[in-house]
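Protein chains: 2
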Amino acid sequence: MFELLKTDGKARRGMFTTPHGIAETPVFMNVGTIGAIKGAVAAEELHGLGTQIELSNTYHLHLRPGENIVKELGGLHKFMGWDGPILTDSGGFQIFSLAKLRKITEEGVTFRSHIDGARISMSPEDSMRIQSFLGSDIAMAFDECVEIPSPPEYMRQAAERTARWLGRCVDEIASLNSRSGATNPGQVLFGINQGGIDKALRIEHMQQIARYDLAGYAIGGLAVGETSQQMYDTIEAVEPYMPSDKPRYLMGVGTPENIVEAVGRGVDFFDCVMPARNGRHGKFYTKHGVLNIKNEQYERDDRPIDEECGCPVCRMHSRAYIRHLFKAGEMLAMRFGVLHNLWYYNELMARIRNAIDEGHYEEFKSDFYKNDCFKISSCNKR
Amino acid sequence: MFELLKTDGKARRGMFTTPHGIAETPVFMNVGTIGAIKGAVAAEELHGLGTQIELSNTYHLHLRPGENIVKELGGLHKFMGWDGPILTDSGGFQIFSLAKLRKITEEGVTFRSHIDGARISMSPEDSMRIQSFLGSDIAMAFDECVEIPSPPEYMRQAAERTARWLGRCVDEIASLNSRSGATNPGQVLFGINQGGIDKALRIEHMQQIARYDLAGYAIGGLAVGETSQQMYDTIEAVEPYMPSDKPRYLMGVGTPENIVEAVGRGVDFFDCVMPARNGRHGKFYTKHGVLNIKNEQYERDDRPIDEECGCPVCRMHSRAYIRHLFKAGEMLAMRFGVLHNLWYYNELMARIRNAIDEGHYEEFKSDFYKNDCFKISSCNKR
Chain A
0 MFELLKTDGK ARRGMFTTPH GIAETPVFMN VGTIGAIKGA VAAEELHGLG
50 TQIELSNTYH LHLRPGENIV KELGGLHKFM GWDGPILTDS GGFQIFSLAK
100 LRKITEEGVT FRSHIDGARI SMSPEDSMRI QSFLGSDIAM AFDECVEIPS
150 PPEYMRQAAE RTARWLGRCV DEIASLNSRS GATNPGQVLF GINQGGIDKA
200 LRIEHMQQIA RYDLAGYAIG GLAVGETSQQ MYDTIEAVEP YMPSDKPRYL
250 MGVGTPENIV EAVGRGVDFF DCVMPARNGR HGKFYTKHGV LNIKNEQYER
300 DDRPIDEECG CPVCRMHSRA YIRHLFKAGE MLAMRFGVLH NLWYYNELMA
350 RIRNAIDEGH YEEFKSDFYK NDCFKISSCN KR
Chain B
0 MFELLKTDGK ARRGMFTTPH GIAETPVFMN VGTIGAIKGA VAAEELHGLG
50 TQIELSNTYH LHLRPGENIV KELGGLHKFM GWDGPILTDS GGFQIFSLAK
100 LRKITEEGVT FRSHIDGARI SMSPEDSMRI QSFLGSDIAM AFDECVEIPS
150 PPEYMRQAAE RTARWLGRCV DEIASLNSRS GATNPGQVLF GINQGGIDKA
200 LRIEHMQQIA RYDLAGYAIG GLAVGETSQQ MYDTIEAVEP YMPSDKPRYL
250 MGVGTPENIV EAVGRGVDFF DCVMPARNGR HGKFYTKHGV LNIKNEQYER
300 DDRPIDEECG CPVCRMHSRA YIRHLFKAGE MLAMRFGVLH NLWYYNELMA
350 RIRNAIDEGH YEEFKSDFYK NDCFKISSCN KR
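Chain order of the listed sequences is A and B.
So in numbering that gives the first Met the number 0, spot 92 of the first sequence is number 91, and the numbers just go up one at a time.
So in numbering that gives the first Met the number 0, spot 145 of the second sequence is number 144, and the numbers just go up one at a time.
It should be emphasised that the hints constitute simulated quantities derived from the structure, not laboratory data.
Owing to the predicted nature of the structure, the values given are computational and were not obtained by experimental measurement.
Hints may contain errors.
As the list makes no split between identical chains, a pair holds if one copy fits it or if it spans any two.
Stated by the list, open to error - Below 27 Å or equal to it, Euclidean Cα-Cα: the simulated DSSO-like pairs (lysine-lysine) are:
id, residue 1, residue 2
1, K9, K369
2, K77, K293
3, K293, K37
4, K70, K37
5, K326, K77
6, K282, K364
Chain A on its own, in the form it takes in the complex (with noise of 0.2 Å):
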């Protein structure tokens, strides 16, 4: 399923293949948390946008419409109209983040829905199926996220329940593929590597998954509050110890600094929310910095936003008129919004593969250093 085609330092190229096309390593996966891009964009527009791979959430998707109701319209890839790759969730995450009143047994987790209050179970096997009926290419294994910092004791046991977890996991999706009838028999599993910021702990839940010859492996429970230096250290500890011919994906991970920090230690894979939702709220993504449109200062800016940009918002607008959209609280503001940063963030991964193919990764990063800037909160020119 994985090639590696190239290293360049801690840097791969890879190619992934799946029932659904090749994606090209190292990716960024376009979030679609209930089977839409947030923003109005649809999914026949991605492939416009550089998108290899669209992910959405097992949690979501489970409660609204329902994991029978995908499955009965064909799976996932019909349901919404995208032909490509798709990656789900385990739910995991979305039950420590979003969900109420939860409750971990070592059989699984009930937890009060979001939307409802309405109660719910959800075991690994429960996860595998609703992946399985979703018929994602890639399932990601049923997993207990803890926050940072929490009681090293509570992070050990956490991290032994998610590896006693994953052995569930792989015996129910290969069950699940084996069945008549399965939506995507051909999807594959990732395990996830939790452990907190704790080194020892993370190498060592990293060897006990690695015993699995999976697919592909996660580095889980990061970017939820450490600082970013102790998300690179924690990579950089645990890099070596995960296969070497299997990709790796660090979920929910980041600002174009991060991914580009990340790569630089041997991360294939990235997902976030971050470029969709700063879009929405006017904060641009450019070669030369964050953009913010709603400042004064674009009031009669009749540039694009960025002129070396090639998607379709900069190929049509100025930042004036974006500006009075986000003034005026029209919903094509914040359509442009996602647009133009998805299109930057595949971009920005398309840039780095190249880099690396012409082995030169140090210096494209020295030169996104100069150049792209992405501190949001601080600097709008590094």
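Following the hints, put chain B in place on chain A, whose structure we already have.
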């Protein structure tokens, strides 16, 4: 500017030429109030929906971003990215329906902005200047709108004032067009007939404004509370007094049924926010009635909204998926509603034009009543 190609009973096929291209009539103008179609549809997508004329609002654009900015950026066409014909209304109707504390004198109207309460004055000359700065192809005369019912004496006073204001609009637009640096020197003026549902007053007022050799004549002040039959009767009364070599525009109308009836009474131009608004609320127009996609019956329905429809939504997505998007509150749902309904309206106009071309308008009407059905509040199939 207007060429009358053919008549079929009272129904007329025509061609209206503007500095930004030709509109085949009867035509439905697609409303982009503040320089954007609500529901996240960009101007560059309108040609693909069959749009011939875009309509924007002087009142809204005056408040935000202001006509000076739009002019400085090259006019409304360039500002919003639409290269086809644009009609701007005069602000009269929005002052009547949206603004607060309005005070009407012979000079003009003072009112408070519905956004921030700012005190604003608008005279006929102001309205012309704003529309000239915006650079629309068709400017509308500044009129005084009144409620139906209103006291007859007030109705008469308002109609007479609207006629006097028209003279000032005619002078002002001629002066504005002759200035160097005019945004769109080929901009033309349509007059607006008023008089409520008082037929004698309507006719008298029409005779007054027909004395000016204007590019077109609108029937304003309808669809504000009277019955459809009263509206049809008013059109029938005034139509013989409208110059037959100029287009007739029924402002703010209406349902597909209203349009079909009004075309049969000699009207050429229409506009209404209804298709986009209903689309954003999940009501989809089809050749077999109105489909309320939120209904549970569509939960597992894998057919498109309308199997005969060629719109971008029906070509790609199922009722079940679109219903899911509405239930989940996804912005994409609203975009789909607008795309489909604008397509429906534009395609209805193409069917109307085709029927007149072929001299089958009565037959078309009869088929329309047998198939299409649009009483959203009451029926799903007539």
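Hint by hint, here is what the structure shows:
1. For a Cα distance limit of 27 Å, the shortest separation of K9 from K369 inside one copy, 22 Å, qualifies, whereas the shortest one across copies, 69 Å, does not.
2. In this homomeric assembly, K77 and K293 come within 27 Å of each other (Cα to Cα) only across copies, at 20 Å, whereas the closest approach inside a single copy is 38 Å.
3. Taking the shortest alpha-carbon separations for K293 and K37, both the intra-copy value of 20 Å and the inter-copy value of 19 Å come in at or below 27 Å.
4. Taking the shortest alpha-carbon separations for K70 and K37, only the intra-copy value of 22 Å comes in at or below 27 Å, while the best inter-copy value is 33 Å.
5. In the homo-oligomer, the alpha carbons of K326 and K77 lie at most 27 Å apart only across protomers (19 Å), although the nearest pairing inside one protomer, at 37 Å, exceeds that limit.
6. For the homomeric pair K282 and K364, the shortest alpha-carbon distance inside one copy (23 Å) is at most 27 Å, but the shortest distance between copies (50 Å) is not.
Consistency with the previously given hints is maintained throughout, with no hint failing.
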